[in-house]
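Enquirer: Sequence:
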Amino acid sequence: MNTAEHPLGDTLIADGDEIFASLFTLDLGDGGVDFGTVERIHAGDFDEWIEAAARSGLFTRHDVEALVRSWERSPKSLFDALLSDVDEVTRHRYTAVWDALDNLTTFETAEYA
1 MNTAEHPLGD TLIADGDEIF ASLFTLDLGD GGVDFGTVER IHAGDFDEWI EAAARSGLFT
61 RHDVEALVRS WERSPKSLFD ALLSDVDEVT RHRYTAVWDA LDNLTTFETA EYA
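Here the sequence shown stands for residues 1 to 113, numbered as in our numbering.
Please keep in mind that the hints were generated in silico from the structure rather than gathered at the bench. Check before you lean on any hint, since a few could be wrong.
[Claimed, not checked] The calculated label-pair distances, taken between Cβ atoms and stated as ranges, are: (1) T90 with T60: 14 to 22 Å; (2) H62 with L104: 31 to 39 Å; (3) D102 with G57: 30 to 38 Å; (4) D87 with R40: 19 to 27 Å.
For each residue, glycine too, the CB sits at the ideal point set by N, CA and C.
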């Protein structure tokens, strides 16, 4: 089965993420952490990657919609896919930023008596 013939169902999302990850990675530029990118993904702003998937010609409209649903359920799935080919040090640095955003979100939503 190929994704051009069959839209990605929930069981095939992982395959879609793998295909996406093999084509698109974070632009690491000078090796610094791109905080803005991590913040956008963490906040659920996927427009850049939705457009990249749609324009690639490798995904059907249904495939892109399935990827978006997957990312909306778990923004970290896009984050992890984009980091799939980076070295461990880079992965650790980016994961630390993600975890800090998780902690900040938890802190901001905590109710105090």
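Enquirer: Now look at each hint and say whether the structure bears it out.
Expert: Status of the hints after comparison with the structure:
1. T90 with T60: 14 to 22 Å: violated (32 Å)
2. H62 with L104: 31 to 39 Å: Holds: the Cβ-Cβ distance is about 35 Å, inside 31 to 39 Å.
3. D102 with G57: 30 to 38 Å: holds (35 Å)
4. D87 with R40: 19 to 27 Å: Holds, since D87 and R40 (Cβ atoms, about 23 Å apart) stay within the stated range.
Hint violations for this structure: number 1 only, all remaining hints satisfied.
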